[in-house]
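FYI, the numbering for the sequence shown is 1 to 311, going by my numbering.
Hints are not guaranteed to be accurate.
[What the hints assert, rightly or not] FRET-style restraints, in silico, Cβ to Cβ:
id, residue 1, residue 2, range
1, L217, E106, 45 to 55 Å
2, G166, R92, 52 to 62 Å
3, G266, A61, 22 to 32 Å
It is worth saying that the hints were derived from the structure and are not from the lab.
The beta-carbon is built from N, C-alpha and C at its ideal position, and this holds for glycine as well.
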Amino acid sequence: MRVAIGLLRDAAGRVLISRRAGHVHLSGLWEFPGGKCAPGERARGALERELREELGVEVMAATRILTIPHDYPERRVELAVFRVDAWRGQPRPREAQPLHWAEPGELAELPFPEASRAIVNAARLPAFYLISPDPDSAAAVEHEARRVARRLARGGIGLLQIRAPGLGQAAFLDYARRLMDAAAGHGVEVLVNAPQAWRAALPPAGCHLPERRLRVLAARPHSDGWVAASVHDLDGLERAMALPVDFVVAGPVERTRTHPGAQPIGLAGLAALCERASCPVFALGGLEAGDLRRLQAVGAQGIAGIRGLLD
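Model the full assembly from the supplied sequences, consistent with the hints where possible.
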């Protein structure tokens, strides 16, 4: 069964959800607006029809962001998820369904169908994922930590990946603790990109997997927060989705000074990965905050980066 789903946000950033009726499959759970595609109907057309019938709104602009296959005991579904960027009309419950504009942080506490987990993640995740710069020595830890703290204080960053492959364990832990303190002071969620033994010595946080680590894992690692992975191609994306992870970082989209020999995937390559993704995709590589709109136009969740987001 194919289903078209819309992710609608109001001006305050709240997300529109509704509660399923008591007589239908998965009754009583919360869901995102949308419904079944008719035989031969395109997903975008089904989205427009369903939101018109269900909410009384006309979709003006929407981008497909996720394709989620899921097997329930009684049926298989494929969700085509669209970020609805503009619509005409005021959403109203035309089918007597309870509607609720939910804060993103509220979504994790509400009961949703299992197939909607990735949609909940997309609704909760921010647009910018800052990656910490790699200090060139233990002596540079304090300087780089202060740079990151200043950037977090300016706002706009929702996630921070702590990554410093050039540091030994003691210096890395010092750096990570400084960054975690700064992040906590500004409401920024943290993911740590480091060996498990190093992560265990730190306060609870999420986990970011480099692609080389992703290739040897057979199951999702334990984490006290988000689990994410870096991918560079469809094979990496499929491995990440199989674990599963909560989101991926894909790239490089453009050439970068730090990895001049890396072949960029370009905007078309990013779009191809987003089209196949069942989890949110952040774009990485040679990008700045001003690139957000064109990246989201091909289905990306947002931007991950060091220099492009730090300076």
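For each hint, the structure was consulted:
1. The hinted window of 45 to 55 Å between L217 and E106 is violated, with their beta carbons roughly 31 Å apart.
2. In this structure, G166 and R92 meet the distance hint of 52 to 62 Å, their C-beta atoms being roughly 56 Å apart.
3. Taking 22 to 32 Å as the suggested C-beta distance range, the pair G266 and A61 conforms, at roughly 23 Å.
Hint 1 from the list above is the single one not met by this structure.
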